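Novice: The primary structure of each chain is shown beneath.
2 protein chains.
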Amino acid sequence: MKLPAELESFVVHFGEMGSRWGFNRTVGQMLAVIVFTEEPLNADQIAQMLSISRGNVSMGLKELQSWQLIRVHHRPGDRKDYFKPSGSIWELALQVLAERRKREVEPTLSLLRSQLMNDDPESDLFVSQKIKEIHDLLELFNTWFDDIHRMSPDNLITLLKLGSGVGRVLDIKDKISFKK
Amino acid sequence: MKLPAELESFVVHFGEMGSRWGFNRTVGQMLAVIVFTEEPLNADQIAQMLSISRGNVSMGLKELQSWQLIRVHHRPGDRKDYFKPSGSIWELALQVLAERRKREVEPTLSLLRSQLMNDDPESDLFVSQKIKEIHDLLELFNTWFDDIHRMSPDNLITLLKLGSGVGRVLDIKDKISFKK
DNA sequence: TTAAACTTTCAGAAATTTCTGAAAATTATA
DNA sequence: TATAATTTTCAGAAATTTCTGAAAGTTTAA
Numbered sequence: 289m290k291l292p293a294e295l296e297s298f299v300v301h302f303g304e305m306g307s308r309w310g311f312n313r314t315v316g317q318m319l320a321v322i323v324f325t326e327e328p329l330n331a332d333q334i335a336q337m338l339s340i341s342r343g344n345v346s347m348g349l350k351e352l353q354s355w356q357l358i359r360v361h362h363r364p365g366d367r368k369d370y371f372k373p374s375g376s377i378w379e380l381a382l383q384v385l386a387e388r389r390k391r392e393v394e395p396t397l398s399l400l401r402s403q404l405m406n407d408d409p410e411s412d413l414f415v416s417q418k419i420k421e422i423h424d425l426l427e428l429f430n431t432w433f434d435d436i437h438r439m440s441p442d443n444l445i446t447l448l449k450l451g452s453g454v455g456r457v458l459d460i461k462d463k464i465s466f467k468k
Numbered sequence: 289m290k291l292p293a294e295l296e297s298f299v300v301h302f303g304e305m306g307s308r309w310g311f312n313r314t315v316g317q318m319l320a321v322i323v324f325t326e327e328p329l330n331a332d333q334i335a336q337m338l339s340i341s342r343g344n345v346s347m348g349l350k351e352l353q354s355w356q357l358i359r360v361h362h363r364p365g366d367r368k369d370y371f372k373p374s375g376s377i378w379e380l381a382l383q384v385l386a387e388r389r390k391r392e393v394e395p396t397l398s399l400l401r402s403q404l405m406n407d408d409p410e411s412d413l414f415v416s417q418k419i420k421e422i423h424d425l426l427e428l429f430n431t432w433f434d435d436i437h438r439m440s441p442d443n444l445i446t447l448l449k450l451g452s453g454v455g456r457v458l459d460i461k462d463k464i465s466f467k468k
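Line order of the protein sequences matches chains A and B. All you need for this note's numbering is the position in the first sequence, starting with 1, plus 288. All you need for this note's numbering is the position in the second sequence, starting with 1, plus 288.
If you are wondering where the hints come from, they were derived from the structure by calculation, not from laboratory data. Don't take each hint at face value.
Claimed, not checked - No more than 25 Å apart at the CA atoms, straight line, and that leaves these computed lysine-lysine pairs for DSS-like:
1) K372/B with K418/A
2) K350/A with K418/B
3) K350/B with K420/B
4) K418/A with K290/A
5) K418/B with K449/A
6) K372/A with K420/B
7) K290/A with K372/B
8) K449/B with K418/A
9) K390/B with K390/A
Quick caveat, the model's predicted, so the values are computed rather than measured.
My request is simple: use the sequences and hints to build the entire structure.
Specialist: Following this line, the structure appears as structure tokens:
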């Protein structure tokens, strides 16, 4: 199976962005071909389309599965594993954010929580203050994201579109009353 | 200048997280010592505290400045450059997000916009559809973030604390009227 | 069972990123 | 202007990450 010429620029781009998004070039390229190809693809097809080794594809698929961005699909009478995106573009984006929070925020929060526990009276006041500030910021973000993540796509879209307009709603929150 | 023992765990941790946050281990460690030290630090002090070369510090400082996370500070009668965080913890966090959006979203959006321009009627319908979906998602996110980024910290905190509670406000938006 | 069809693993090779430190460039002071 | 203080650059070295492909492992079917 040959990589359609049309997809080349996306594959190259997803490759370049890969490491910025949290994985590596090849994994980024693999995600691109899987997302932009309508039918589920098997490992050999991916290896051929991207001209990379079979072993590399196996590792990349494992990585994409650990991010929960792809899932296996089986076709009757065919023993190969076929892969397709685990959801809509919207769901994939949320999943990337969720996974990044887990990998980028969670470990730091753990460290900060444990530092706040031991509340050493010997410790420098400036340092304790900074620890508290970072901790509170990350906790707040964490709770917010959890909350947001549970919303339906439709509500989430409405919310995003409103943007800081929400600020206006909040400003008047004390001025409103319910209609009967 | 010696690295206070108290800071060691943070420096190590910020180092480990560095590459996940978008820079490398040393740059992460440098950010840690600058954020957790009350007085501005010069390059030699940083090199000594982290046991790394002077050249490496110079490159790292350039990187942190390109992220706008630190700024130079001069002391009377001293020709050295001293560095301190460019703002509060809150501002640094927003700055990291803004910079990451620029590096992770902007290039992809450019590519997608140009693809939507050429609107080739030859192109595969499934592919065009995906391009449009990703494009719209990123545009929406981009606009939202711009909007949010301009809010005052206080309003932003209120908004985060409300979380999906905003959804409830939106649900009832047709049911409210203003108090006189 | 056995064998064929697949997938995963992982040691070493290749590619990429980061680091060092001496030399070059810049800047401030006398 | 000269020189001393400081920062930046960058070639090569070191460290780290990624990739290959053959061997080992797993699964299915007869």
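Novice: Confirm or reject each hint.
Specialist: Going down the list of hints, with the structure as the test:
1. K372/B with K418/A: Holds: K372/B and K418/A sit about 14 Å apart, inside 25 Å.
2. K350/A with K418/B: holds (24 Å)
3. K350/B with K420/B: violated (37 Å)
4. K418/A with K290/A: violated (54 Å)
5. K418/B with K449/A: holds (21 Å)
6. K372/A with K420/B: Answer holds: K372/A to K420/B is near 19 Å, not above 25 Å.
7. K290/A with K372/B: violated (53 Å)
8. K449/B with K418/A: holds (21 Å)
9. K390/B with K390/A: Distance of about 22 Å is within 25 Å: holds.
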